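Undergrad: So the chains spell out like this:
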Amino acid sequence: MSIQENIQKNNALDVDSWLGQQTNKSLLRFLTCGSVDDGKSTLIGRLLYDSQLILDDQLAALQKESHNRTTGDEGIDFSLLVDGLTAEREQGITIDVAYRFFTTNKRKFIVADTPGHEQYTRNMATGASNADVAIVLIDARKGLLTQTRRHSFILSLIGVKHVVAVVNKIDLVGYDKDVFDKIEAEYREFAGQLGFKSLVTIPISALRGDNIVNKSKEMDWYRGPQLVPYLEEIDVTEDKTEKPFRFPVQWVNRASLDFRGFSGTVAGGSVKPGDDVLVAASRKPAKVERIVTMDGDLDEAIAGQAVTLVLDREIDISRGDVLSAPGAVPEYSNQFQAKLVWMNEDRAMSGRSYLIKVGTQLVPATITNIKYKTNVNSLEQSATKCLDLNEVGTVTIATDKPIAFDPYAENGTTGGFILIDRLSNATLAAGTVEFGLRRAQNLTYQDFDVNRKTRSEMKGQTPKIVWFTGLSGSGKSTVANLLEKRIAAEGKHTYILDGDNVRHGLNKDLGFTDEDRVENIRRIAEVAKLMADAGLIVLVSFISPFKNERKLAREVAGDIEFIEAYVNTPIEVCAERDPKGLYARAKKGEIKNFTGIDSPFEAPENPDITLNTSDHDPADLANELYDLMFEGHQYRAL
Amino acid sequence: MSATQKSISHLQALEAESIEIFREVASSFERPVMMYSIGKDSSVLLHLARKAFFPSKIPFPLLHVDTTWKFKEMITFRDRMADEHGFDLLVHTNQEGKAENINPFDHGSSRYTDIMKTVALRQALNAGQYDAAIGGARRDEEKSRAKERIFSHRNAQHAWDPKNQRPELWRVFNTRLAPGESMRVFPLSNWTELDIWTYIYSEGIEIPPLYLAKKRPVVERSGTLIMVDDDRLPLNDGEVPREEMVRFRTLGCYPLTGAIKSDAATLPEIILEMNASTTSEREGRLIDSDQAGSMEKKKQEGYF
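Each protein sequence line maps, in turn, to chains A and B. Heads up, the first sequence is in the numbering used here, so the first residue is 1 and it goes up one at a time. Heads up, the second sequence is in the numbering used here, so the first residue is 1001 and it goes up one at a time.
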């Protein structure tokens, strides 16, 4: 048919009503997940093909590429349609989530095709986080696999409420009802623990098209719905407008001297001019005066709309603030319990400092306790001190300053968050708030009249922290000792915090695993800060092998002068000195997790000073450091 | 959906999502820039940016990488838009490439695109020290685009690492960067071509007239209709431009952009024609088919 004929045919329809129909179609976002080779990409290819979305030029390219591959009656390997990266096509696997679009007469669809390999679980979670419905594929020949269970569990955690379990490749088991029934029963038993709102199971063959659009001729025994009609009809509306009003401020709009508005997206409920709102953090009230958009002021804004609110009075509001309904404000606290899906090779550790982003709020945060992790196969909980890549756990989190949040079950926008690595900026975890820990609300900092300044003046000195880092035997304590002697000789008040000594007392409950080292340093950083706050000059002599914790120590110090001194003595020299005989024992395997042998030392990239005791006299180094501390040398800013 | 429930339509939802992305960029980066390539997607992008910051002006400049081979009508349109909407327009051309007269005929489309588009873009981004560049790419355009995040991280060389993208959860975007790194941001990621056209129609957004059918001088080369936009297009022996009713589905450099025969001279006609179409949008673009996986490769080198 020529384009001309097409237009004539289509013009029979009134263009406006046709367009109206297009714009008013509802949008369904779903994902496909399940184990490797269960046929996710093939299923999406089939959906695109059956909804006639594969265009002539694509089809020609596809048929050419499908040569030597498993194909259906159409001579096409459908998976080629979706695997978009060269590496994926070469290896025949899906690495990252791909988004596809198709439309039927009833609905518009955005499909996230997610990878099945365990190592790419974070990409599956990415696809799930914006989906209304999940299609979990199960290979009829293999039944439920670990990945089937893992993905289902992550779906429940990320908050996908509706699941369609499709038993694929049913043609390869001779369209056997018993096989389907057995898998269905097993899946329902597992999924029953995950709290989905709806669950159906459908036997299909993506390759052959059984039960995709039309009822399969091969399975008379199956009475349930076909996949596409089911997706067209499923009701996923969650009435977010019925929830309490939430408006995370994204951007302050200062168009002119007379205009100050707060731009953001309504994350729950609705708002009208004249409504009272409350700033979650400051609890300051105001009335909404206008709802501004480029299309004119609105009478009402509902969940999902991006608008700019103008209030009736001047109150201090900035990005990160949450405007809310006065009768139902979000929690405002610095501690809460949450579930985490860990997404990075660097394991989660309690005590380590991360950044948390909840809505438009970004603040430093620490995992204070990893309560347990959940086995994805059995859903059993077990105690743990850390979370590895792809593990799911329940933790408590403390933020550096209070934030506004809701339980994730009540509001996905104010209850979902990510954790970010402070050095690499990698997204480490997806988290969902379970509940706030109220005791934190009563914890405030006490302000006393006698403060650091008073105490420092009494001692006639400026408090400082010198943080020595370096391998065991590098000479940290030797230099620190010489330095302290010189400072003390001038009548100044000092204290050395030494790794070995502190481990006999305050930190005697800690061992030498990575987790314990993190906690070890966190405690010392806090103690050093308290001592400096008392007016002392504190010398900290700890191996402190990890960048992250040294950064944390510097941050804990806040506005106290902090000098990072890297005692960079080559490991051969340290091992030869071996003052405590530890290297010899570590090499024999008698000591585990020994820094430099079987536990890493991350050298500082920008120390304030670097000292090498192998070719310098320790006394000279102590003097050099003294000059840096007291002779007006420039310190690296925080 | 029951009558008592309130919700927003599919296009309103896409619009709100894009506006949220724009505002996140303005709030999270120090020196954002928006790529403006004058086509229909850029026209929608511009419209959404104006909506996101209204009544303020767009708080960052718009950058056009001019290869010097764009359709004349595009340049006229660009300058008029900057004038009407009062945005800050920056135009960058690779001056070394221009001095060497790099063109699609003598140097081939692949080398020409690399020098006049990819290298030019890198030059402009480096010169402006932009930490975020907003582009109008959509996931339905091409397979490697379908895999890209909305906030897509680039290393200091502007390269994309498709095998190691940051997870992107909900709409909580990780906008953190190390010095020298940058972000490419795609507010139209979840729009389809049909969404773009329907939105242009319902919002009354102005687009360059090249999208509408009109008699234009063309020559046919290996099955593709090329418009003779100026006298720089070298004609082969015996090749005579002829007048045809044509329009363009995408706009780029005129020697590399194929026209389609069409009588669709109004927006509704275009939408109906497109809906009946059986070929994909980028077919008219000659650069994508140079080699398999070519878009992914270009993106790794810094192309948008």
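A portion of the hints provided could be inaccurate.
To be verified - Chain B regions said to be covered by chain A (calculated; three or more residues, Cβ under 8 Å):
hint: 1; segment: 1019-1026
hint: 2; segment: 1044-1054
hint: 3; segment: 1135-1144
hint: 4; segment: 1162-1168
hint: 5; segment: 1185-1199
Calculated directly from the structure, the hints in this document are not laboratory data. Note that this is a predicted model, so its numbers are computed, not measured. A virtual CB, placed ideally from N, CA and C, is assigned to each residue, including glycine.
Undergrad: Which numbered hints does this structure break?
TA: none
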